[in-house]
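Undergrad: Hey, can you work out the whole structure from these sequences and the hints?
The residues making up each chain are set out below.
Number of protein chains: 2
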Amino acid sequence: MIETPYLLYLGHSNDAADIKTSRGLAVFRPDISVGEYRHDDCGLTLGLPRMDFAAARAAGARTLVLGIANAGGKLGEDLIVDALAAMEAGLDIASGLHQRLNAVPRLTEAAARLGRALHDVRDPRPDIPVGNGKRRAGKRLLTVGTDCSVGKMYTTLCLASALEKRGVAADFRATGQTGILVAGDGVPLDAVVADFISGAIEQISPARTDGGWDLIEGQGSLYHPSFAGVSMGLLHGAQPDALVLCHDPVRPHMRGLPHYALPDLAECLEANLRAARLTNADVRVVGIALNTSAMPEDEAIALCAKTEAALGLPTSDPYRFGVEAIVDQLLHDEPA
Amino acid sequence: MIETPYLLYLGHSNDAADIKTSRGLAVFRPDISVGEYRHDDCGLTLGLPRMDFAAARAAGARTLVLGIANAGGKLGEDLIVDALAAMEAGLDIASGLHQRLNAVPRLTEAAARLGRALHDVRDPRPDIPVGNGKRRAGKRLLTVGTDCSVGKMYTTLCLASALEKRGVAADFRATGQTGILVAGDGVPLDAVVADFISGAIEQISPARTDGGWDLIEGQGSLYHPSFAGVSMGLLHGAQPDALVLCHDPVRPHMRGLPHYALPDLAECLEANLRAARLTNADVRVVGIALNTSAMPEDEAIALCAKTEAALGLPTSDPYRFGVEAIVDQLLHDEPA
Chain B
1 MIETPYLLYL GHSNDAADIK TSRGLAVFRP DISVGEYRHD DCGLTLGLPR
51 MDFAAARAAG ARTLVLGIAN AGGKLGEDLI VDALAAMEAG LDIASGLHQR
101 LNAVPRLTEA AARLGRALHD VRDPRPDIPV GNGKRRAGKR LLTVGTDCSV
151 GKMYTTLCLA SALEKRGVAA DFRATGQTGI LVAGDGVPLD AVVADFISGA
201 IEQISPARTD GGWDLIEGQG SLYHPSFAGV SMGLLHGAQP DALVLCHDPV
251 RPHMRGLPHY ALPDLAECLE ANLRAARLTN ADVRVVGIAL NTSAMPEDEA
301 IALCAKTEAA LGLPTSDPYR FGVEAIVDQL LHDEPA
Chain V
1 MIETPYLLYL GHSNDAADIK TSRGLAVFRP DISVGEYRHD DCGLTLGLPR
51 MDFAAARAAG ARTLVLGIAN AGGKLGEDLI VDALAAMEAG LDIASGLHQR
101 LNAVPRLTEA AARLGRALHD VRDPRPDIPV GNGKRRAGKR LLTVGTDCSV
151 GKMYTTLCLA SALEKRGVAA DFRATGQTGI LVAGDGVPLD AVVADFISGA
201 IEQISPARTD GGWDLIEGQG SLYHPSFAGV SMGLLHGAQP DALVLCHDPV
251 RPHMRGLPHY ALPDLAECLE ANLRAARLTN ADVRVVGIAL NTSAMPEDEA
301 IALCAKTEAA LGLPTSDPYR FGVEAIVDQL LHDEPA
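Protein sequences, first through last, are from chains B and V. Reading the first sequence from the start, the letters are residues 1 to 336 in our numbering. Reading the second sequence from the start, the letters are residues 1 to 336 in our numbering.
Hints were generated in silico from the structure; no laboratory data involved. Glycine included, C-beta positions come from ideal geometry on N, C-alpha and C. Please note that a few of the clues may not be correct.
[Stated by the list, open to error] Short derived list, chain V residues pointing at chain B, Cβ under 7 Å:
id, residue
1, Leu44
2, Ile128
3, Gly131
4, Gly133
5, Val193
6, Ala194
7, Asp195
8, Ser198
9, Ser226
10, Ala228
11, Val230
12, His236
[Claimed, not checked] Chain V side only, calculated, beta carbon under 7 Å to chain B, not exhaustive:
id, residue
13, Asp190
14, Val192
15, Ile197
16, Leu278
17, Asn280
TA: Here it is in structure tokens:
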């Protein structure tokens, strides 16, 4: 368990894309985010109080989250120096970077000396089983996508929050680093060994009998030639009763692959349903989530309406316009 | 590189299923298999000369292959003791077991002291890239299956050998432990981290311009809920021009999953073609391979004929009846 609340690290970042994890925490877990740490050359803010490590500790922070990504996911000298200072000030360290905290001797030595914890959220737990595909109790929703990074985590978190507001038990099941830090638990699916992808999802969303929903964060896309294997195993392990398809309408091509166009929404829906039926024959689609953050509001509203009419499914930008219509659809004819 | 020729280990085994790797080597690489090592309580043989370690070394053997599988893939005390004795006699050790040779201090110490090599073929190489899906030169065939363990490796090796006999350049690309020992190279796909599945296949079957074929060993099945993610990533990474569908006609249910029936052949073919088209729009199916080893010959011949008529594709048991008709189909209208 990672101790909360968090101090969110921005470091020297000046590219909004680099602080995705820190921003996700500020947006979805303001309750456990006491402040932000940034150097004078950092031009970004999360709108949280700026604190140094000692002030953050005094304000109750327990863990510094290195919620930034730089090229290659490297732990640079700047990050190491800051992490050492944070530990001296009494903070644990959590990181979703590719390069592991626990692989840096200066950090492990300081942690041992000071009694601090180093959390590499990209390390899967060691006891992940092979999936068995056995039908399990409970209701599960999975977000799927036309591409990577189209808003699956945001959509899933918005759905969890909307269900809770209606008094429906709902648990967000994280499959990526940011989601794991938001939820305090989950599996870094992209780091799991190939034979265990579906088993990892069975493990983090076990049978439930309280009538509530597991809302599982999707990864990748069946149409992304680099990562479709992850998406396929996730789909099978989730045994979803409901799917929400996430899409970025201004994405010019599949992420990182200028030679691949995005799939048609209806075709992508059908491919996901076909694959999902292997482990749950009753799977259905309950909505479309569009990330319209790059569009003016009137255009975004018009596009949602047009998409809704074309596909016959509630369509929204979850973060901008809410997910009420999708939740209505989800609860309207839900499985017993 | 693993030094050849091999001494094939049977140990104390009395279950034919346990010696699958040693048997695969004896069948497909008699040229590099000088003998078999078995204890007096082993009731199995590969039909090779029985040798102790010193005799094998004198006969030219360079590596003892621990080509057996026991429950859990464990390196038991019996295996460790035999591996130590083999190293003393001058042999390297290779293993596809889940538990790694290099994780056993008694083995690593002896190897260092004696100048011997320990090969864990289940360890992927460290430099596997993320797949990029870019079309690459060359012709590639991939075996796919209705299930795990339905003869994909045997079929792929039979096709490689048949093409070579016709003077067509053909390379077997291994994706499992036995295949890697047969070929001397390849990737243990089930041990690769999820994000790198398709990249691993792009790496082991790079662009080729000599007019020859890469014959890629398939793994799992799009219809196996535990492992479909591996099969999906493999399909995308392979960019196959041609598929051969492998099937075990007497399999009562999906391997290890009594609650899952095997898919219909035509449906399974269509699902594989649909997924494969993402990275190669021109993919086609060139044949069906049935593992009829549990059937009398007349029934096997009748089933092949019936399947061929139903699906309109050359159908054979590759190991029993050869693959000439499938190779005819493959070469008949091959891509330029």
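Undergrad: Work down the list of hints and note, for each, if the structure agrees.
TA: Structure-based check of each hint:
About 27 Å separates the beta-carbon of leucine 44/V from the nearest beta-carbon of chain B, more than 7 Å, and the hint is not met. About 11 Å separates the beta-carbon of isoleucine 128/V from the nearest beta-carbon of chain B, more than 7 Å, and the hint is not met. Using the Cβ-Cβ criterion of 7 Å, the hint placing glycine 131/V at the interface with chain B is satisfied: the shortest such distance is roughly 4 Å. For glycine 133/V, the interface hint holds, the least distance from its beta-carbon to any beta-carbon of chain B being 3 Å, beneath 7 Å.
Given hint, valine 193/V at the interface with chain B, holds; its Cβ is 6 Å from that chain's nearest Cβ, closer than 7 Å. With its C-beta approaching chain B no nearer than about 5 Å, alanine 194/V sits inside the 7 Å limit, and its interface hint holds. With a cut of 7 Å, the hint placing aspartate 195/V at the interface with chain B holds, because the nearest CB-to-CB distance is about 4 Å. The beta carbon of serine 198/V comes within 6 Å of a beta carbon in chain B, closer than 7 Å, and the hint placing it at the interface holds.
Checking serine 226/V against chain B by beta carbon gives a least distance of about 4 Å; that is within 7 Å, so the hint holds. Taking 7 Å as the C-beta contact cut-off toward chain B, the hint placing alanine 228/V at the interface holds, the least distance being around 5 Å. Proximity of valine 230/V to chain B holds as hinted, the smallest CB-CB distance being about 5 Å (cut-off 7 Å). For histidine 236/V, the interface hint holds, since its Cβ comes within 7 Å of a Cβ in chain B; the closest pair sits about 5 Å apart.
The interface hint given for aspartate 190/V is met, as the beta carbon of that residue sits about 4 Å from the closest beta carbon of chain B, less than 7 Å. The beta carbon of valine 192/V is positioned within 7 Å of a beta carbon in chain B (closest approach about 5 Å), and the interface hint is therefore held. Interface restraint check: isoleucine 197/V against chain B, minimum CB-CB distance 4 Å, threshold 7 Å, status holds. A cut of 7 Å between beta carbons decides the hint on leucine 278/V: the least distance to chain B is about 6 Å, and the hint holds.
This hint is violated: asparagine 280/V has a C-beta 10 Å from the nearest C-beta of chain B, more than the 7 Å allowed.
In summary, the structure is inconsistent with hints 1, 2, 17 from the numbered list given earlier, while agreeing with the others.
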